[in-house]
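**Student:** Listed here are the chains, written in short residue letters.
There are 2 protein chains.
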Amino acid sequence: MPKIVDHEQRRGEIALALWQVIHEHGIDGVSFRAVAEAAGVSIGRVQHYFSSKDELVVFGCRAMVSAAEQDHGPDPSLREPARARDALADFLCAPLPLTEGLRVGSSVWATYLAKSVSHPGIAAVVAEAMHGRAEATATLLAAARGTQEAREAQSTALALVSLSEGLNTRVLAGALVADEAGALIRDAVDRAVHTD
Amino acid sequence: MPKIVDHEQRRGEIALALWQVIHEHGIDGVSFRAVAEAAGVSIGRVQHYFSSKDELVVFGCRAMVSAAEQDHGPDPSLREPARARDALADFLCAPLPLTEGLRVGSSVWATYLAKSVSHPGIAAVVAEAMHGRAEATATLLAAARGTQEAREAQSTALALVSLSEGLNTRVLAGALVADEAGALIRDAVDRAVHTD
Numbered sequence: 001m002p003k004i005v006d007h008e009q010r011r012g013e014i015a016l017a018l019w020q021v022i023h024e025h026g027i028d029g030v031s032f033r034a035v036a037e038a039a040g041v042s043i044g045r046v047q048h049y050f051s052s053k054d055e056l057v058v059f060g061c062r063a064m065v066s067a068a069e070q071d072h073g074p075d076p077s078l079r080e081p082a083r084a085r086d087a088l089a090d091f092l093c094a095p096l097p098l099t100e101g102l103r104v105g106s107s108v109w110a111t112y113l114a115k116s117v118s119h120p121g122i123a124a125v126v127a128e129a130m131h132g133r134a135e136a137t138a139t140l141l142a143a144a145r146g147t148q149e150a151r152e153a154q155s156t157a158l159a160l161v162s163l164s165e166g167l168n169t170r171v172l173a174g175a176l177v178a179d180e181a182g183a184l185i186r187d188a189v190d191r192a193v194h195t196d
Numbered sequence: 001m002p003k004i005v006d007h008e009q010r011r012g013e014i015a016l017a018l019w020q021v022i023h024e025h026g027i028d029g030v031s032f033r034a035v036a037e038a039a040g041v042s043i044g045r046v047q048h049y050f051s052s053k054d055e056l057v058v059f060g061c062r063a064m065v066s067a068a069e070q071d072h073g074p075d076p077s078l079r080e081p082a083r084a085r086d087a088l089a090d091f092l093c094a095p096l097p098l099t100e101g102l103r104v105g106s107s108v109w110a111t112y113l114a115k116s117v118s119h120p121g122i123a124a125v126v127a128e129a130m131h132g133r134a135e136a137t138a139t140l141l142a143a144a145r146g147t148q149e150a151r152e153a154q155s156t157a158l159a160l161v162s163l164s165e166g167l168n169t170r171v172l173a174g175a176l177v178a179d180e181a182g183a184l185i186r187d188a189v190d191r192a193v194h195t196d
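As they're listed, the protein sequences go chains A and C. Heads up: the first sequence runs through residues 1 to 196, numbered per the UniProt record's numbering. Heads up: the second sequence runs through residues 1 to 196, numbered per the UniProt record's numbering.
Chain A with its partners taken away, still in its complex shape:
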């Protein structure tokens, strides 16, 4: 079904253009015209896929979560503790803004976070993504520990994923170098696997 693939691809291209507009002008700077210009397509093309600016903005938030999950999502079949520990460290280090693309992505995500306070639709997508990240962390942590103690893993996993998010923000703001953040994350993962 080439037509469906084509539609998905076009929506993806519009999402990329939307993120660029948000990065440069914030969510309140989004308009069909600005996104169409950034995507190099007509305003009508954007309106063909999205019936309102709000729908476009929320779609962009969902697309960002999906892209991160595809890029960094853990392999759920991991059962060998040492491999699960490495996968957990990689998962928590993956969002560190090491490239210009990741910097733009992190900046747009921070903008969505800020907007979530006053926009229930964005808040729902952000909260769901955060729950998913905490759950993936707990699954990998339990596998790394070689146990099934899901309840204890959940609380420690929440602290681990929040630590990585806080460090990520510090790197984004230029208050910390990515290598130091990565070392602190890997150190925390080792402690979480071996203690409790």
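Hints are supplied without guarantee of correctness; some may be wrong.
[Said to hold, decoys possible] According to the in silico footprint, chain C covers these stretches of chain A (three or more CB under 8 Å from chain C):
1. 39 to 48
2. 54 to 63
3. 83 to 96
4. 102 to 111
[To be verified] Think about it this way: if two alpha-carbon atoms lie no more than 25 Å apart in a straight line, the pair counts; the simulated SDA-like pairs of lysine to any residue are:
5. A:K53 x A:I43
6. A:K53 x A:T147
7. C:K53 x A:A124
8. C:K53 x A:Q20
9. C:K53 x A:G40
10. A:K53 x C:G29
11. A:K53 x A:D90
12. A:K53 x C:V30
13. C:K53 x A:S118
14. A:K53 x C:S118
15. C:K53 x A:S42
16. A:K53 x C:E24
17. C:K53 x A:V104
18. A:K53 x C:H7
19. A:K53 x C:R191
20. A:K53 x C:Q20
21. A:K53 x A:S42
22. A:K53 x C:S31
23. C:K53 x C:G29
24. A:K53 x A:E152
25. A:K53 x A:R33
26. C:K53 x A:A34
27. C:K53 x C:R10
28. C:K53 x C:H7
29. A:K53 x C:D28
30. C:K53 x A:V30
31. A:K53 x C:R10
32. C:K53 x A:H23
33. C:K53 x A:G174
34. C:K53 x C:G12
35. C:K53 x A:S31
36. A:K53 x A:G40
37. A:K53 x A:S31
38. C:K53 x C:A34
39. C:K53 x A:G29
40. A:K53 x C:H25
Honestly, the hints are just simulated from the structure, not real lab data. For glycine and all other residues, C-beta sits at the position ideal for the given N, C-alpha and C.
Let chain A serve as the given structure and place chain C on it in line with the hints.
**Tutor:** Then chain C, alone, in the frame of chain A:
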């Protein structure tokens, strides 16, 4: 010198109005007109204190940092370990958005964070504030441990303050209740004081 106090007060009132505009319309939605309207003063009054929109926006970022430091800054004279531990936990829990005012403040701070990627002036203020928070955490942690091991305290302090910032963001986004975040912070403080 009542006139100087008056000037500071007026700039403070303009900062409050600016934050409301940023909360509602983002940093790119800031204009002298919008801020003057939110403050209930003339555009000329705002222009009397700020020569450009950019100066106003950066002033608002600095004012936010100053307000947080005045509200939540640790008492540097704390020397008794148990009191320092309590002060450290309170310091790290203080930004949790428990009130509508703190929610708006956290949202505006998140917006400044996002903007710091593309705005060096804001990045400088944000990074300096982050360094200050990490330093205050290290000072309190060393006092709580009753030691002078500043180097080891620094690395653990950085992890502690990043954990609290990550958890704070999750509460802001509605992915976590403030009580659970507070419990995780206090638990991490206890571990940091008693281990390493």
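**Student:** State for each hint whether it applies.
**Tutor:** Evaluated hints:
1. 39 to 48: violated (count 0)
2. 54 to 63: Result for this restraint: violated, n = 0.
3. 83 to 96: This one is violated; 0 residues, fewer than the three required, reach chain C with a Cβ under 8 Å.
4. 102 to 111: holds (count 7)
5. A:K53 x A:I43: Since the Cα atoms of K53 of chain A and I43 of chain A sit roughly 12 Å apart, the hinted pair holds (cutoff 25 Å).
6. A:K53 x A:T147: Roughly 47 Å separates the two Cα atoms, so the pair is violated.
7. C:K53 x A:A124: Violated, at roughly 33 Å.
8. C:K53 x A:Q20: holds (23 Å)
9. C:K53 x A:G40: violated (30 Å)
10. A:K53 x C:G29: Holds: K53 of chain A and G29 of chain C sit about 16 Å apart, inside 25 Å.
11. A:K53 x A:D90: violated (35 Å)
12. A:K53 x C:V30: Holds - the C-alpha atoms of V30 of chain C and K53 of chain A are around 20 Å apart, at most 25 Å.
13. C:K53 x A:S118: Answer holds: K53 of chain C to S118 of chain A is near 24 Å, not above 25 Å.
14. A:K53 x C:S118: holds (24 Å)
15. C:K53 x A:S42: violated (32 Å)
16. A:K53 x C:E24: holds (16 Å)
17. C:K53 x A:V104: Distance of about 24 Å is within 25 Å: holds.
18. A:K53 x C:H7: Violated. K53 of chain A to H7 of chain C sits at ~41 Å, over the 25 Å cutoff.
19. A:K53 x C:R191: Distance ~47 Å between K53 of chain A and R191 of chain C Cα, so the pair is violated.
20. A:K53 x C:Q20: Since the Cα atoms of K53 of chain A and Q20 of chain C sit roughly 23 Å apart, the hinted pair holds (cutoff 25 Å).
21. A:K53 x A:S42: holds (15 Å)
22. A:K53 x C:S31: holds (22 Å)
23. C:K53 x C:G29: holds (11 Å)
24. A:K53 x A:E152: violated (42 Å)
25. A:K53 x A:R33: holds (10 Å)
26. C:K53 x A:A34: holds (22 Å)
27. C:K53 x C:R10: With Cα atoms ~17 Å apart, K53 of chain C and R10 of chain C stay inside 25 Å; holds.
28. C:K53 x C:H7: holds (18 Å)
29. A:K53 x C:D28: holds (17 Å)
30. C:K53 x A:V30: Since the Cα atoms of K53 of chain C and V30 of chain A sit roughly 20 Å apart, the hinted pair holds (cutoff 25 Å).
31. A:K53 x C:R10: violated (37 Å)
32. C:K53 x A:H23: Since the Cα atoms of K53 of chain C and H23 of chain A sit roughly 19 Å apart, the hinted pair holds (cutoff 25 Å).
33. C:K53 x A:G174: holds (23 Å)
34. C:K53 x C:G12: holds (16 Å)
35. C:K53 x A:S31: holds (22 Å)
36. A:K53 x A:G40: holds (18 Å)
37. A:K53 x A:S31: Given pair K53 of chain A, S31 of chain A holds - Cα atoms ~6 Å apart, limit 25 Å.
38. C:K53 x C:A34: holds (11 Å)
39. C:K53 x A:G29: Cα-Cα ~16 Å, so holds.
40. A:K53 x C:H25: Holds: K53 of chain A and H25 of chain C sit about 15 Å apart, inside 25 Å.
Comparing the model with each numbered hint stated earlier shows that hints 1, 2, 3, 6, 7, 9, 11, 15, 18, 19, 24 and 31 do not hold.
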